[in-house]
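J.: The chain contents come next:
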Amino acid sequence: MGKPNDLVQGTLDLLILKTVSLGAMHGWAIGKRIQQISGEVLQVQQGSLYPALHRLEQQGWIKAKWAESETGRQAKFYSLTAAGRGQLERETSNWNRLSAAIDLIVTEA
Amino acid sequence: MRWLAQLRMRIEMLFGRGRAGARLDEELRYHLEEQIAENIAAGMSAEEARYAALRRFGNPALLREQARATWSWNWLESLLRDVRYGVRTLARTPGFAGIAILVMALGIGANVALFTIVRSVLLKPLPFKDPDRLVALYEHSADDRFPFNQVSGGVFVEWRKQNRSFSDLALLGGEEFNLTGASGQLPEKVHGANCTWNLISTLGVQPALGRNFTEADDQRSANGTALLSWGLWKRRFGGDPALLNQSIHLNGRLYTVIGILPAWFSFPDTQTQLWTPMNHDKPPYTMTQLGSHEFQVFGRLKPGVTAAQGAADLSVITRRLHNEHLDNPFVSKGAEFRPLLEEMVGDMKRPLYVLLAATCCVLLIACLNVANLLVAREAGRRKELAIRTALGGGRLRLLRERLMESFLLSAAGGALGLLLAFGAVQWLVHTRPDMSRVEAIHIDGVVALFTVGLIVLCALFAGLISSLSTKSNQLLLSLQDAARGSSAGHGHTRLRRSLLAAEVGLTVVLLIAAGLLLKSYQRLRSSNLGCTTENVLTMRLDLFGGRYNEPAQLVNFYASLLERVRALPGVEAGGFVRAVPGQGYWGDSEFTIVEHPPLPQGQAQYAINREADPDYFAAMGIPFLRGHSFDPNRKLDQANQVVINESFAKEYFPNEDALGKHLHYGRGIYEISGIVGDTRYSLAEEPKPIQYYPLYAGFLNNGILVIRAGHDVEQLALPVQRIVQELDHALPVSDVLTMDQLLGKSTLDESFNATLLVAFAALSLLLAAVGLFGVLSYIVAQRTSEIGIRIALGAQREQVLRLVLLDGLRPALFGLAFGLAASVGAARLIRSMLYGTQPLDPAVFAAVSATLLLVAALACLVPAWRASRLDPMQALRTE
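Line order of the protein sequences matches chains A and B.
All residue numbers for the first sequence refer to my numbering, where the first residue is 119 and numbers rise by one.
All residue numbers for the second sequence refer to my numbering, where the first residue is 19 and numbers rise by one.
Derived from the structure by calculation, the hints contain no laboratory data.
Wrong hints could be hidden among the right ones.
[To be verified] Pair ranges (Cβ atoms, derived):
1) B:Leu467 / A:Gln153: 52 to 60 Å
2) A:Gly190 / B:Asn77: 22 to 30 Å
3) A:Asp221 / B:Arg28: 37 to 45 Å
[Unchecked claim] Short, incomplete list of chain A residues facing chain B, as computed with Cβ under 10 Å:
4) Gly145
5) Ser166
6) Lys181
7) Ala182
8) Thr189
Cβ atoms here follow ideal geometry from the backbone N, Cα and C, with glycine treated the same way.
Build out the structure end to end from the sequences listed, making use of the hints.
T.: Now the structure itself:
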């Protein structure tokens with residue numbers, strides 16, 4: 119595994135929304151899940167995770183609930199709202215378009 | 019439903035912020051604990067795990083800030099925090115805060131009070147229907163001397179008949195009424211008006227109780243009807259609604275009260291308490307007169323017609339009348355108009371605006387003072403600010419803090435000032451109930467808004483000016499400013515000095531304006547009336563009603579009255595006259611000189627006319643230059659003498675002896691029996707020709723009884739009133755005033771304005787002096803080391819005193835120069851308010867300069883003296 123890449127700002131929102139769409143989870147779990155599923159390539163800066171989570175919550179894409187975690191303590195669980203689902207689709211298609219465009223340029227013979 | 023979720027978030031962030039903060043802490047703690055657990059599971063020791071987790075996590079405080087930064091309502095939280103800090107900082111120096119708040123309160127309070135008055139009196143439209151369609155109309159006299167002359171009855175009738183521009187025209191004439199009970203008890207003189215039936219309806223007003231006049235009421239043959247003011251109804255009749263359709267006795271005749279007008283209604287002035295129909299009260303010939311200018315006319319313009327067009331229309335009608343009656347020189351040749359608002363309050367405009375400008379000056383001075391105080395505080399916190407800047411505090415942040423402090427001071431001062439303004443307005447309404455539209459003065463929403471605006475403005479002004487002095491690059495220098503043996507830098511002295519110079523300048527302008535008005539008022543009061551004013555009592559009698567219809571009855575009354583009054587112990591002399599000197603114009607009359615050739619057609623002579631008893635002149639100390647007074651034995655038809663004054667003789671008999679000549683006046687011929695010295699009919703005016711006719715001819719049924727005593731003339735008021743009561747128990751006596759009080763009343767406006775302005779100027783002088791004292795104390799504190807060195811090196815105490823004194827006086831001198839220059843312009847603006855005083859009066863300018871220098875020197879003396887008494891060892895040790 120090489121040095122973990124820094125996430126492009128803005129894609130963190132997309133990753134969080136996607137991760138949370140799979141089920142309600144708390145901040146720690148979200149960070150861990152992104153790391154795992156990306157094969158340890160993407161490591162979320164913990165300093166940017168919580169501001170992003172709070173921002174998304176303020177904007178209404180995700181909603182939060184305090185519940186008992188697997189360790190028995192209270193944790194704040196985030197889940198996707200209906201509007202957030204639409205935002206996720208939008209962001210995903212944006213990402214696809216963007217990455218496809220970059221792809222085109224980079225693979226130009 | 020995103021917006022719903024967002025709304026919920028916003029509400030939660032507004033009201034549950036504390037809880038959200040606690041939750042955030044818990045969330046971050048949970049994350050940290052999970053990380054530590056993971057580290058321990060990976061094999062680190064507890065302590066290593068913790069350090070590694072923290073390292074990876076980052077600064078928790080920073081994280082918390084960043085997370086919170088995404089919340090809504092951050093600006094509000096920040097604002098509230100600033101307010102809390104501001105309050106805490108100010109509370110640490112309560113003395114400074116108290117003074118600043120007081121200063122602001124005075125400035126803002128004065129401004130709000132005057133704005134209330136200006137807005138209510140000058141700017142608010144009149145409370146009538148469509149008030150901008152209402153105009154007051156005047157005749158333009160044929161000889162051009164009176165362009166805004168009162169209107170004659172006959173001219174009004176033609177105007178009403180022939181005009182095409184007005185939907186209605188109404189006539190009004192002031193009148194005095196003797197209001198009594200059924201058998202003449204409780205006589206009270208009430209000032210009221212005769213008006214045409216359509217006056218109240220032209221204004222668009224409905225009575226609060228009862229009904230308006232109808233055309234049927236406005237006939238000679240109709241039963242007497244009257245409308246009462248709310249105040250009269252409440253005061254005399256206890257506000258009893260049963261008064262409607264009851265009768266009251268006015269001048270001995272019965273009038274039915276048909277309506278009560280609303281409490282806010284006063285027309286044409288605050289003294290008019292009752293209205294009766296013109297054609298019922300006045301004889302029919304009144305409405306045929308073309309040359310007797312006794313009434314006011316008010317009109318409502320038709321839609322789409324301008325006031326100028328309306329006046330032009332009436333002008334054409336007037337000119338036609340003039341041409342048809344060329345033999346009558348008193349028929350006017352045109353018409354003029356004024357908007358009704360201007361007619362009612364026009365002469366108050368300039369004085370009120372001058373007072374408003376004065377309060378703005380006071381407010382500006384107050385703001386400069388507060389700015390000065392803020393700068394002084396800044397200077398004491400320079401090190402603290404420097405450290406904060408070094409630690410990363412933005413300049414904007416510091417500015418915000420300063421503005422917040424300044425705003426808190428302004429807000430507190432503004433709230434207090436609003437209370438002061440309320441009190442001031444109440445006081446004014448109480449002391450000047452005679453002022454036009456005084457009933458409209460009250461503090462409303464607009465005034466409150468204005469206050470808030472002032473608060474914000476003052477806060478910005480004071481805050482921004484005081485922040486001018488800080489430059490961030492200099493802040494860091496102050497950190498190095500600790501070397502021994504040198505003195506502190508200039509600090510903020512330059513800014514404070516300029517602020518002070520500005521303050522002093524504004525103060526000088528106010529002082530000069532006040533001085534000019536004061537001198538003008540003194541000149542006015544001391545202008546020579548031409549008669550005795552000491553120990554002279556006056557009272558007004560109005561002899562209306564059945565007992566005084568015949569001239570013989572009047573003459574009898576006067577003779578008995580004067581005989582009894584003169585017999586009173588303590589009375590030196592008594593007399594009766596239509597109007598005393600200083601009381602006003604009071605009307606003029608036409609006359610011709612029998613011995614002179616007749617005047618060409620269309621020209622006439624007229625002069626102020628007075629009726630007086632033979633001993634009036636002696637009683638008032640008006641000297642006879644030639645000849646003698648009326649023969650007291652000649653009464654009624656035999657009273658055919660006239661007395662003229664010196665101006666009359668000079669103007670109409672320039673090269674001949676007037677004695678023995680005859681004047682044709684009214685229906686009689688009168689021989690000039692004497693020439694008296696000039697008297698002024700008004701303090702502010704030059705003497706004019708006056709013709710005095712005998713009281714005993716029996717034509718005058720109202721006037722002033724004058725009583726002169728050796729001393730304490732007020733003691734005679736009751737005895738004289740008792741004599742009047744004995745002669746006629748139904749006769750009211752009104753306006754019992756000494757000559758001094760009467761003259762004071764006639765100059766009430768001037769004295770009021772002068773007093774207010776003097777008060778403002780004194781306040782500014784006090785503020786400026788306090789500011790000067792503060793600045794110089796500060797400068798001395800700054801230069802303590804330097805002064806200590808000087809004294810240690812051998813400077814004399816007097817030299818130090820002089821040095822510091824001059825240093826303090828310099829901004830005062832600049833301010834004085836600037837103020838004097840500005841006054842040259844300002845004085846010209848109030849030229850029209852001055853009497854007998856030039857705007858650039860050297861005495862006033864010199865007096866103000868001397869006063870200012872004296873006060874400045876006194877203010878500087880204490881700090882300068884303290885500086886000269888410095889112990890050099892102490893001075894050098896303090897750092």
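J.: State for each hint whether it applies.
T.: Going through the hints against the structure:
| no. | hint | result |
| --- | --- | --- |
| 1 | B:Leu467 / A:Gln153: 52 to 60 Å | holds (59 Å) |
| 2 | A:Gly190 / B:Asn77: 22 to 30 Å | holds (28 Å) |
| 3 | A:Asp221 / B:Arg28: 37 to 45 Å | holds (41 Å) |
| 4 | Gly145 | holds (6 Å) |
| 5 | Ser166 | holds (8 Å) |
| 6 | Lys181 | holds (7 Å) |
| 7 | Ala182 | holds (9 Å) |
| 8 | Thr189 | holds (8 Å) |
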